[in-house]
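What follows is each chain in one-letter form.
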Amino acid sequence: MLKLALANLTHRKIRSALSVLAVAIAITLLLVLVGLSRGTLNEVSNRMQSVQAEIIVRDKHFDLGSMSGGKLWEKEIADIVRIQIDDTPAVEHVMAVFLDRMKLAGLSQNVFGVHPEDFAFFAGSRRLIKGEIFSDVDSPSAALALAEAKSNRKIILDSASTTSEPLNYLPLIIDQRLAAASQLAVGDPVSYGDSPAKIVAVVETGVAGRVFAPINMLRGANGVAAQTAHMFFVKANPSLNTDQLQKLCEQIHSNIRRDATLVANYGQVIAENFRNLTIFMNLVSVIALVICFLFILVTIYTIVLERGKEIAILQSLGASRLRVLGQTVQESLIICSTGTVLGIILTFVVRYLIETLQPLMTIEVRISWILIAVLVGIGGGILSALYPGYIALSHDPVEALSFE
Amino acid sequence: MSDLLIKTEKLCKTFHHDGIKTPVLFDVDMQVRQGEFVAVMGPSGCGKSTLMHILGLMLSPSGGDIIIDGCSAADLNEAGRAKLRREKIGFVFQRFNLLPTVSGYDNIAVAERIRGNTVDGQVDNALAAVDMTEKARFKPGRLSIGQQQRIAIARAIVHRPRIVMADEPTGNLDSTNAETILELFRQIHREQGITIFLITHSLTAAQYADRIIYMADGRIQDIG
Numbered sequence: 001m002l003k004l005a006l007a008n009l010t011h012r013k014i015r016s017a018l019s020v021l022a023v024a025i026a027i028t029l030l031l032v033l034v035g036l037s038r039g040t041l042n043e044v045s046n047r048m049q050s051v052q053a054e055i056i057v058r059d060k061h062f063d064l065g066s067m068s069g070g071k072l073w074e075k076e077i078a079d080i081v082r083i084q085i086d087d088t089p090a091v092e093h094v095m096a097v098f099l100d101r102m103k104l105a106g107l108s109q110n111v112f113g114v115h116p117e118d119f120a121f122f123a124g125s126r127r128l129i130k131g132e133i134f135s136d137v138d139s140p141s142a143a144l145a146l147a148e149a150k151s152n153r154k155i156i157l158d159s160a161s162t163t164s165e166p167l168n169y170l171p172l173i174i175d176q177r178l179a180a181a182s183q184l185a186v187g188d189p190v191s192y193g194d195s196p197a198k199i200v201a202v203v204e205t206g207v208a209g210r211v212f213a214p215i216n217m218l219r220g221a222n223g224v225a226a227q228t229a230h231m232f233f234v235k236a237n238p239s240l241n242t243d244q245l246q247k248l249c250e251q252i253h254s255n256i257r258r259d260a261t262l263v264a265n266y267g268q269v270i271a272e273n274f275r276n277l278t279i280f281m282n283l284v285s286v287i288a289l290v291i292c293f294l295f296i297l298v299t300i301y302t303i304v305l306e307r308g309k310e311i312a313i314l315q316s317l318g319a320s321r322l323r324v325l326g327q328t329v330q331e332s333l334i335i336c337s338t339g340t341v342l343g344i345i346l347t348f349v350v351r352y353l354i355e356t357l358q359p360l361m362t363i364e365v366r367i368s369w370i371l372i373a374v375l376v377g378i379g380g381g382i383l384s385a386l387y388p389g390y391i392a393l394s395h396d397p398v399e400a401l402s403f404e
Numbered sequence: 405m406s407d408l409l410i411k412t413e414k415l416c417k418t419f420h421h422d423g424i425k426t427p428v429l430f431d432v433d434m435q436v437r438q439g440e441f442v443a444v445m446g447p448s449g450c451g452k453s454t455l456m457h458i459l460g461l462m463l464s465p466s467g468g469d470i471i472i473d474g475c476s477a478a479d480l481n482e483a484g485r486a487k488l489r490r491e492k493i494g495f496v497f498q499r500f501n502l503l504p505t506v507s508g509y510d511n512i513a514v515a516e517r518i519r520g521n522t523v524d525g526q527v528d529n530a531l532a533a534v535d536m537t538e539k540a541r542f543k544p545g546r547l548s549i550g551q552q553q554r555i556a557i558a559r560a561i562v563h564r565p566r567i568v569m570a571d572e573p574t575g576n577l578d579s580t581n582a583e584t585i586l587e588l589f590r591q592i593h594r595e596q597g598i599t600i601f602l603i604t605h606s607l608t609a610a611q612y613a614d615r616i617i618y619m620a621d622g623r624i625q626d627i628g
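Top to bottom, those sequences are chains P and E.
Here our numbering is used: the first sequence runs in plain steps of one and ends on residue 404.
Here our numbering is used: the second sequence runs in plain steps of one and ends on residue 628.
There could be a bad hint or two in this list.
[To be verified] Calculated lysine-lysine pairs in the DSS-like style (CA-CA distance at most 30 Å, straight line):
hint, chain 1, residue 1, chain 2, residue 2
1, P, K130, E, K539
2, P, K13, E, K492
3, P, K130, E, K492
4, P, K3, E, K425
5, E, K487, P, K3
6, E, K425, P, K130
7, P, K103, P, K130
8, P, K309, E, K487
9, P, K3, E, K492
10, P, K13, E, K414
[Said to hold, decoys possible] Not the full set, but computed from the structure, chain E residues with beta-carbon under 7 Å of chain P:
hint, residue
11, T505
12, L547
13, Q591
The hints are simulated quantities; they were obtained by calculation from the structure and are not laboratory data.
Positions of the beta carbon are idealized from the N, C-alpha and C atoms, including for glycine.
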């Protein structure tokens, strides 16, 4: 009977191909919409978790969405460093981050102001593709003073540069995706507000920030006091277990009255911060799922209802209802499984195209969603064949046989 | 065991469409014995095709009963009727009703698979019986109408049913092809002993039968 199903499909090649394509588009739509809605947020979360640190400390007013809000002070680092858990020094290193925003590639980007010596913690295993790590001035006021001495305009100077002449720009390290999206390379000048800036290095994709700058120069440019930071990353003693890390978070909160979160839980924290967005994403996923299912249902419904005469012929040969339904399900499954496989392949093609044309967009294709898509494809195929099959079976076979 | 193959008792059929009742058959009592070649004749709309579809368990009667090979159709559910149809009946239709997407051979093979039989020499034998061995691999669309009807007959006899029910099998054929098909029915009847129940409005076709039942206005008028 599989031969009959295949013969029916190959007999109407274009219609079958269009049906397969319809299912494939539905599956692609499902995977791309879900991947797109979740991908960007997860990508941010993954990047933050790539920092070689275990704990993020931030002010309770600090907004993870806009990466702005309450401030910390670097002097609190001393309070964190001295914490002991079970009589063992619990903290190995603390990294301060001062955040600002600038426009690159037509989009507003977060700039991570970090100490040059801390950059290795942010880069982790990722290497600089081109260029070198920037250097910094001693303090924001030094940066401001140098800027004023050089020009009437607000210009940032890098007095600590290894070159003999001070640099009159803000040195920036950008990640590979931003470099691709903005068509920027090492040495290219850009604008930081009204001030000049320059790309000094490009780092592999996956680091916490897309743009890094020297922390003091960034503070100077923003006119804030030295030691101001928006958040700290805490590198804990490697001997601490999960419970001790949790204790460390509690201790940090108790000592400096700031929120301390395990980096591993960042995804959860960000999901809580973006509760409405998460609801929206779930809604998009459900809608995509329903659309995908309806798409398959309509496609197969049309095919099966056209089979009225064939179903009547099978009945006249003595085929039971179960066998006739099995026949329609078989055809539907061939279409849906082929469409599902094609849809999954198309999803990767679409992901490649989108991420090539829009490098800052992320489409996350997870195995779990591929499995859901397969279930929707196969389940949709079965259910959407059963109902019209049942309808066709309830028609008068004699009447169906009399149709030309 | 009785050689009575089909017996109807007060068989009635009324169609209901959009609240309108259309009575088609009225108290039809008839019998067909094993090995008979029976023709049912009558003008268009007299109910002969409806009678055949009810006897072939494709339609349910509104009243009365049919006994086929000792089984009362009234006692059978849908699955039971399908089983009886599958095992004991073969159909030949005026419009052939072959599956258009598969070859003549596969049309017959599908019927055998539905019966749960393995496809072996029986299909070839049926094709040989209707002289269609050579063109068996062609799809129906590539066969002449006479050849299509021969494939349909091969499909109807492949499982050696107790009865072949043919509804105007020559209605779409020219006289030469019609004669060939009717000869084929006669041959099958004589050589294989299969009961033939032929619905026709053609006297020429009816004359191939051993016995003719005349119908008019949903009633049996005469049994010759």
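Right, here's what the structure says about each hint:
1. P:K130 x E:K539: 73 Å, violated
2. P:K13 x E:K492: Given pair K13 of chain P, K492 of chain E is violated - Cα atoms ~36 Å apart, limit 30 Å.
3. P:K130 x E:K492: 83 Å, violated
4. P:K3 x E:K425: 43 Å, violated
5. E:K487 x P:K3: 23 Å, holds
6. E:K425 x P:K130: Violated, at roughly 88 Å.
7. P:K103 x P:K130: Roughly 22 Å between the alpha carbons, so the hint for K103 of chain P and K130 of chain P holds.
8. P:K309 x E:K487: 20 Å, holds
9. P:K3 x E:K492: Holds. K3 of chain P to K492 of chain E sits at ~25 Å (cutoff 30 Å).
10. P:K13 x E:K414: 50 Å, violated
11. T505: 4 Å, holds
12. L547: The hint is violated - L547 of chain E has no Cβ within 7 Å of chain P, the shortest such distance being about 15 Å.
13. Q591: 23 Å, violated
In this structure, the hints that do not hold are numbers 1, 2, 3, 4, 6, 10, 12 and 13, in rising order.
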